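Those protein sequence lines, which keep their order, are chains A and B.
Just so you know, the first sequence maps onto residues 1033 to 1487 in our numbering.
Just so you know, the second sequence maps onto residues 1033 to 1487 in our numbering.
Derived from the structure by calculation, the hints contain no laboratory data.
Keep in mind it's a predicted model, so treat the numbers as computed, not measured.
Please note that the accuracy of each hint is not assured.
It does not matter which identical chain is used: a pair holds within one copy or between any two.
[Said to hold, decoys possible] Below are the EDC-like pairs computed for lysine to aspartate or glutamate, each with C-alpha atoms no more than 16 Å apart in a straight line: (1) 1485 / 1098; (2) 1472 / 1144; (3) 1342 / 1384; (4) 1082 / 1450; (5) 1342 / 1062; (6) 1342 / 1047; (7) 1342 / 1259; (8) 1299 / 1212; (9) 1225 / 1155; (10) 1342 / 1045; (11) 1417 / 1150; (12) 1299 / 1466; (13) 1342 / 1369; (14) 1082 / 1098; (15) 1300 / 1263.
There are 2 protein chains.
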Amino acid sequence: MIRYEDIGRQVREAEYAVRGPIVARAQELERQGRKVIYCNIGNPQSLGQKPITWVRQVIALVEYPELIERAPAGTFPEDVVATARHILASSYGPGAYTESKGYRFVREAVAEYIHARDGISSDPEAIFLTDGASKGVQAALRLLIAGERDGIMIPIPQYPLYSATITLYGGALVPYHLLENAQWKLSREVLEKAYEAARARDIRPRAVCVINPGNPTGGVLDERNVEMVIDFARERGLSVLADEVYQANVWLAGDRFVSFASVLERKKVRDVSLFSFHSVSKGFLGECGHRGGYLECRNVPGPVLDEITKLQSISLCANSVGQLATYLLVRPPRRGEPSFPLYEKERSEVLETLRTKAQIVERGLNAVPGIQCNRVAGAMYAFPKIQLPPGVTDDDYCLALLEETGICVVPGSGFGQDPGTAHFRTTILPPMSEIEAVVKRIAEFHVAFTRRKGA
Amino acid sequence: MIRYEDIGRQVREAEYAVRGPIVARAQELERQGRKVIYCNIGNPQSLGQKPITWVRQVIALVEYPELIERAPAGTFPEDVVATARHILASSYGPGAYTESKGYRFVREAVAEYIHARDGISSDPEAIFLTDGASKGVQAALRLLIAGERDGIMIPIPQYPLYSATITLYGGALVPYHLLENAQWKLSREVLEKAYEAARARDIRPRAVCVINPGNPTGGVLDERNVEMVIDFARERGLSVLADEVYQANVWLAGDRFVSFASVLERKKVRDVSLFSFHSVSKGFLGECGHRGGYLECRNVPGPVLDEITKLQSISLCANSVGQLATYLLVRPPRRGEPSFPLYEKERSEVLETLRTKAQIVERGLNAVPGIQCNRVAGAMYAFPKIQLPPGVTDDDYCLALLEETGICVVPGSGFGQDPGTAHFRTTILPPMSEIEAVVKRIAEFHVAFTRRKGA
């Protein structure tokens, strides 16, 4: 019989707080009849965000093509029908395995999307369609980690997919600390310090990972920051992992998303390998359950690309519907096409609502004595710093918040934070009708909890 | 820049022949305008097998629920609508992340399916919904391989998911050779010999893996065989991995599928951990692209189950539509429900066609001098032994077959075979209109090729 003790250390030590013990407790409370508001995970449709009609209409037709003939005229706009027909003509339908890399026509569409976004060319053969961005990140890390001395530089705070996967693959975490006092920006100095500390431990950093816009921080990098990371990577001989799944989630007028690919090409850098990731789960689609995404590689030699293909092939291919959702993300209705007006309306409603909620959360939290929240400039999270009485951890805090209010957030310890500080991550996703109340309950809880524990 | 030489040995050494170099060459030929018949992979819908209407209708409604109101009466049978409504009421819809283990209502349905199939109880909390069976197999192997001395006993020939994953996870392959002369059955003697050989290499076998019905062999185990494996595992302190994805694909009247779970329970074995796998990709659904499946655990301690949940959680969850396809597999229309007649008709047509094709392939190959093919008793493959002139490998043979006929099969070397023998694996999936011609072309090729090379 298999015993817990027999399981490898790497598996046992991997941690993933976003779905950890506090979430397990939340599910238990829910089964007991308590109402829980899940602010632990960026799962928009579970909190009432509506899917984009364009995406769902096309998928429904591809799944059941008889509808093309059987549905009454007007049920499906012409461009939806044409897109479904194109997908069916370009594939064996969603029931067949796709190429290991993913449908070729979708990879071509991704390349066109990157071209339209950044004005740079992109090679469909260096694009891999993945089950969400997570699997793309894992594929890149699998290649970069050959042994326990191979280090991956990750931001602190970070999204725990990175720490969990690096632990699982037996590599070394090389943390670099984002500057909370500078809106979570990063600096060359911070990167150098982390690099040197790793070298002193006899770790060989292999890659630097950047999440932009930031999860859990909500920070957005500017072009100079992106350029600085690329310069650093080039001088230190590192690859870059660019987690850009929140590229459509930039909230402040002064900010804009700058892709690593665009800066790499503008600077004509040919000696830094770039792995960048995108997903259908975030942005305005919020199609988390469909597990769609892509990995784009630049300056990655052919034999290394072949290894990624091989890794993909071992479990055959990414799921077909996720690949199609990725297609519908990168190839939306165009102005003048019949689906365009509704698509635009839904898209801007989702984004404007999120923008408003980002402000409500940021302002509401900052109004609480003992809570300090940086700008929620991008992504779907706030990561406020909380002042706690001595001896109280952010784990204690988040558990008490859950028990007393039903609000489920994740302790800062799950993402990493500067020693001696405490934080939590909350999403900005509760519905407009509830978000003010959620923030108010957190505020009231904070005051009561810190008073009680501090006494 | 990342270099091929920097990639870990485990990644570089993992091999997956089903999608290896011969398939790459086939795709190249296809791009040049040649017609290729892909017999390399069990991908029924790519060769014209129709999806089951029930599955696709429900998924279409779940993806675009407005159709429930908008489609004209009669487009969707009542039970399809009711099932879609049930799914939507039991979840946040397919756009939201599910629980890490998978939708609870689907896991409950899987438990009921196992109960109905075997008359034994099953615990939904020990069931994990996975992206195809592959990911379930990988989760179990991840737990069982803690270091390079941990061995996994796999059949030879085997499905290369196993060898590739064991290599990737840094474990040791412990091959046991199925008896080609006894219709690919296995014997206690064969298992013991393999076990002892591993111990002599200082390998500690942790689990024995069985594929039943067999891939690539087409063999079907009887109850005595299953019982023997369980006895062996118990005496040797091993876990059992039971790959049962072809459980609906049993072709001969004298055979029937016997699950490991049923024998474990009948014998009241409590000290052998069993991991069994099922999939929506095979059987009569053939929904490969949707990547749905499940892993059921028995006699696995709670803390070990928690580790599987954690591994699943790192990439959030299996894709939602694959989970729903699994639901529709285990909870089909029942007699008296409106979808039942069509479902039954489609199901039996697919299975009867496959049964006929299994015979056509087996007989056709056996009629060729120099080809010997065991009974295609189950699954979707034939794995004939071929007599080759000295110095000619099955790789050479399969490449020449592809170049000369456009038929793409996989060399026996990709699955493992007794030294000095040569085989290939072909699926039985080409359409009825083509299957006789495919077998005839293989026969003609074989005669011409061996004559030419032998001369």
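Homomeric proximity label, residue 1299 with residue 1466: Cα distance no greater than 16 Å | neither (46 Å within a copy, 55 Å between copies)
Could you figure out if residue 1300 and residue 1263 sit no more than 16 Å apart (CA to CA) within one copy, between two copies, both or neither?
-> Close inside one copy (12 Å), not across copies (64 Å); limit 16 Å.
When no copy is named, should residue 1342 and residue 1045 be tagged within, between, both, or neither for a Cα gap of at most 16 Å?
-> between (27 Å within a copy, 11 Å between copies)
How would you label the pair residue 1342, residue 1047 (within, between, both, or neither) given a Cα cut-off of 16 Å?
-> For residue 1342 and residue 1047, the Cα distance is within 16 Å only across copies (8 Å; inside one copy 27 Å).
With identical chains treated as interchangeable, where does the CA-CA distance between residue 1342 and residue 1369 reach 16 Å or less: within a copy, between copies, both, or neither?
-> Neither, since 39 Å and 44 Å both go past 16 Å.
With 16 Å as the alpha-carbon cut-off, assign the pair residue 1472 and residue 1144 to within, between, both or neither.
-> neither (45 Å within a copy, 44 Å between copies)
Is it within, between, both, or neither for residue 1342 and residue 1384, if the alpha carbons may be no more than 16 Å apart?
-> neither (41 Å within a copy, 35 Å between copies)
Between copies, within a copy, both or neither: which fits residue 1082 and residue 1098 at Cα up to 16 Å?
-> between (26 Å within a copy, 12 Å between copies)
Is it within, between, both or neither when you check residue 1082 against residue 1450 at 16 Å Cα-Cα?
-> neither (37 Å within a copy, 57 Å between copies)
Identical-chain pair category, residue 1299 with residue 1212, by Cα at 16 Å = neither (29 Å within a copy, 61 Å between copies)
Evaluate residue 1342 and residue 1259 at a C-alpha cut-off of 16 Å and name the case that applies: within, between, both or neither.
-> neither (32 Å within a copy, 36 Å between copies)
When no copy is named, should residue 1485 and residue 1098 be tagged within, between, both, or neither for a Cα gap of at most 16 Å?
-> neither (63 Å within a copy, 51 Å between copies)
In terms of the numbered hints stated before, the structure departs from hints 1, 2, 3, 4, 5, 7, 8, 9, 11, 12, 13, listed from lowest to highest.
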